[in-house]
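Go by the hints and put chain B onto chain A.
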Amino acid sequence: MNCSTVRAHGFDYFEQRLAPELRAEVDAHLKTCAACAAVFALACETTCRDFAELCGDFDELPAEHEQRQRLERHLSICSACREYLRSYRRTIELARSSKESAAALEPLSAELMARILAQGPRS
Amino acid sequence: MSSSAEHRASNVSSQHDDGELLVRLRSGETQAYAELVERHGPRLLAVIRRIIVQRDDAEDALQDAFVSAFKSLATFQGDSQLGTWLHRIAVNAALMKRRAAHRRGEVHVDPELPKFTEFGHWERTPRAWSESAAEPTLRAELRDVVRSAIERLPENHRIALVLRDIEELDNSEVAHRLGITVNAAKIRVHRARQALRELLDVHFSPEDA
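Residue numbers (the numbering used here), protein chains in the order written: chain A, 1 to 123; chain B, 1 to 209.
Chain A extracted, bound-state conformation:
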């Protein structure tokens, strides 16, 4: 098994979803490949729960910030959290664009206008 196949299996590996023979192959690779072993070890430092808890800060943190780098390491092996972050960002965009356009604004009712103006300037 090569490095890219091993990393593609990362998410299922952590989710304990890999078939035993595949898991054994990944484990065998991790024993001989220091680079993949390091990525897998670092990925364990952040769970999906941690990621979901902290992802609100992700875009606000500078690239060199330690917490951001930890989240990025998790993202590098977790497709579920990548999807979560994408949809979380989209949620913010959708909220932002839910503002009504000027054309869609309803004029105030005559009754409300009168009520407000009755409180207006008093000479």
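With a straight-line Cα cutoff of 25 angstroms, these simulated SDA-like cross-link-like pairs (lysine to any residue) come out:
no. : chain 1 : residue 1 : chain 2 : residue 2
1   : B       : K186      : A       : D50
2   : B       : K115      : B       : R152
3   : B       : K115      : A       : S76
4   : A       : K99       : B       : I89
5   : B       : K71       : B       : N92
6   : B       : K71       : A       : Q119
Chain A stretches covered by chain B per the calculated footprint, using a threshold of three residues with CB under 8 angstroms from any CB of chain B:
no. : segment
7   : 41-52
8   : 80-90
9   : 95-103
10  : 106-118
Far from chain A, some chain B residues (derived; all Cβ distances over 10 angstroms):
no. : residue
11  : T75
12  : M96
13  : N156
I should point out that these hints are in silico values taken from the structure, not numbers from a laboratory.
Just so it is clear, CB atoms sit at the ideal spot from N, CA and C, and this is done for glycine as well.
Frame of chain A; chain B shown alone:
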């Protein structure tokens, strides 16, 4: 003219009109007050209704906002735009009204938050959101979907999200308006976004195979 150029042009002309309106307001011209309410009222009511969903209460808050604007017109420095100044007054009036009306405890947002296994893995793996809803023909419908999902959020969370993501205040400003710490504001906004994401998920995730 491109739409952004039109937008800029209309902004410039409304600033100009507001400047003239302000002069008339300060000279006590009654008609100017009616124009002020007519010009800015609908937008301010929309702003307030994102914070106070109930129409009657929102209209009362709009009335309060104008009363306080009328009172402080003399002290309005004119260093911000009239629209921006009124917007701030409207948000404050809405928050005040809500504080007076709702003295109950925190509403829980928990049922709408993502769930995890004891090992910290997703209980239900997040699925990719489809992009089809970004098509122009669906946009108006989508806006309604998003707006009604926002209305379904527990009030405390809805207001935090409205202030941060729709009114685009920064975290410390949100904290200040809500009378909570910056950290508490950040958490509340994050929970609100998470809950909103869950509520929208059904509209964006492909059907289960």
